[in-house]
Amino acid sequence: MSTLYRDTGVVLRVQKLGEADRIVTLLTRRCGKIRAVAKGVRRTRSRWGARLEPFNHVDVQCYTGRSLDVITQCQTLDAFGSGVVSDYARYTAGCAILETADRLVSEEGHGDSLRVYLLLVGAVRALAGRERDASLILDAFLLRAMSHAGWAPSITECAKCAAPGPHRAFSVQGGGAVCDVCRPPGSVLPGPETFALLDALLHGDWPVADAADAPTRRDTSGLVAAHLQWHMERQLRSLPLVERVSRP
Amino acid sequence: MFEGPVQDLIDELGRLPGVGPKSAQRIAFHLLAADAADVTRLQEVLQKVKEGVQFCEVCGNVSERERCRYCADARRDPTIVCVVEEPRDVLAVERTREFKGRYHVLGGALDPLGGIGPDALRIRELLARLGGTGPASDEGDIGEVIIATDPNTEGEATATYLVRLLKDFPGLSVTRLASGLPMGGDLEFADEMTLGRALAGRRALS
Ligand SMILES: [Zn+2]
Ligand SMILES: [Zn+2]
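Line by line, the protein sequences give chains A and B. Just so we're aligned, residue 1 is where the first sequence starts under full-length UniProt numbering, counting upward by one. Just so we're aligned, residue 1 is where the second sequence starts under full-length UniProt numbering, counting upward by one.
Hints are computed from structural coordinates only; laboratory data are not their basis. Careful, some of the hints might be misleading.
Unchecked claim - Computed, partial: chain A to chain B, Cβ under 7 angstroms:
no., residue
1, Glu53
2, Pro54
3, Gly81
4, Val85
5, Tyr88
6, Tyr91
7, Cys95
8, Ala152
9, His231
10, Glu233
11, Arg237
12, Ser238
13, Leu241
Note that beta-carbon positions come from the ideal geometry of N, C-alpha and C, so glycine has one too.
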């Protein structure tokens with residue numbers, strides 16, 4: 001029995017299917033991650049297809065199919081796509097956000113993806129708004145999404161013995177900030193500004209984040225990326241292609 | 001699962017774009033039942049397409065010689081270059097009969113989710129052509145680049161990237177196909193009228 005359902009979601013990915021159809025992956029508010037077929041959307045006469053492009057925030061109606069659900073209606077809530085693609089650095093940061101969201105939420109295990117959905121809408125809205133550095137938006141999203149997944153880096157306490165910080169060393173393998181006693185080989189010494197920026201991004205303290213200088217942003221991005229890749233089973237394809245342009 | 005070569009064939013067919021597992025099975029059993037001569041002919045053209053077709057040294061289009069027929073045609077204007085994603089887009093633009101310049105085939109669009117960055121496309125070759133160091137540099141300077149990437153997210157992002165890259169080239173005007181092509185479509189599906197109009201009404205970007 002196929003049933004109709006309606007939900008709002010952000011388009012994470014589109015894949016070609018057959019001659020003119022697409023498989024659209026969406027992260028939705030209520031149903032978690034869904035993969036559904038949109039029929040005929042690649043024909044340029046179909047005005048419908050434009051709504052089901054990556055980054056767009058849409059209201060969809062689907063019915064459940066045997067293997068894949070089928071989209072029957074789609075309305076745009078926020079056309080974030082055009083704002084994101086009008087700047088290449090924003091586009092690459094946006095792709096890393098979409099891929100991370102896609103990887104953190106599995107299709108079966110919905111129920112607990114609402115937080116990632118809300119983070120995703122916020123991050124893509126900020127990217128499309130073009131008010132804040134794309135790199136900061138990306139790093140904030142990655143840190144908070146990792147925090148949701150339960151493996152955000154420790155920033156103040158020692159990740160190993162929980163000794164109160166601040167500490168000087170950071171170890172990706174060790175789980176973040178580490179005290180001088182626990183410090184494993186290969187730890188780095190990022191400097192207090194970098195710890196401050198990590199903390200600001202994780203907690204949404206934008207005045208502090210916006211004030212960070214370019215070298216601090218670069219060091220922070222490096223640690224966030226390394227921490228994320230360490231915890232992912234497979235490497236993210238888009239992360240090495242993110243264009244980091246720091247505007248002070 | 002079937003045994004041995006039949007399953008291998010189904011697996012190979014299933015890797016083709018647009019062929020799902022069911023279609024792969026249908027094609028495989030069609031081939032099994034077909035005349036030996038028909039299968040041999042298919043086998044021969046498959047082999048020829050890999051051995052006999054090369055890519056044009058100037059524009060990257062598929063070609064039987066070193067230069068494709070558009071790059072070798074002296075009647076076509078070498079000062080205006082239409083940048084497309086795939087060889088099939090060259091055919092789509094040709095069908096409009098509106099364009100008498102040359103082409104540059106990127107070999108795809110910038111798609112970080114698919115692991116495709118600028119180095120994976122023929123962007124370096126485009127810059128060499130514009131800088132007068134490409135294989136056809138004796139034919140005169142390029143004065144206009146028309147960006148005709150697909151009107152979807154990856155195509156738009158590719159256009160954004162190219163515009164930023166090309167905007168400071170001295171004496172070069174960069175244009176993008178006019179609207180009329182709705183977002184989300186593939187260029188190859190555009191009807192000739194729409195694509196022709198989009199080409200005629202292209203807008204300057206720099
Ligand atoms: Zn410790
Ligand atoms: Zn050529």
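Now for the hints, and whether the structure bears them out:
1. Glu53: holds (5 angstroms)
2. Pro54: holds (5 angstroms)
3. Gly81: holds (6 angstroms)
4. Val85: holds (4 angstroms)
5. Tyr88: Holds: closest Cβ of chain B sits about 5 angstroms from Tyr88(A), inside 7 angstroms.
6. Tyr91: holds (4 angstroms)
7. Cys95: holds (4 angstroms)
8. Ala152: Violated. Min distance 24 angstroms.
9. His231: violated (20 angstroms)
10. Glu233: violated (16 angstroms)
11. Arg237: holds (4 angstroms)
12. Ser238: holds (4 angstroms)
13. Leu241: holds (4 angstroms)
Violated hints, in rising order: 8, 9 and 10; the structure is consistent with all others.
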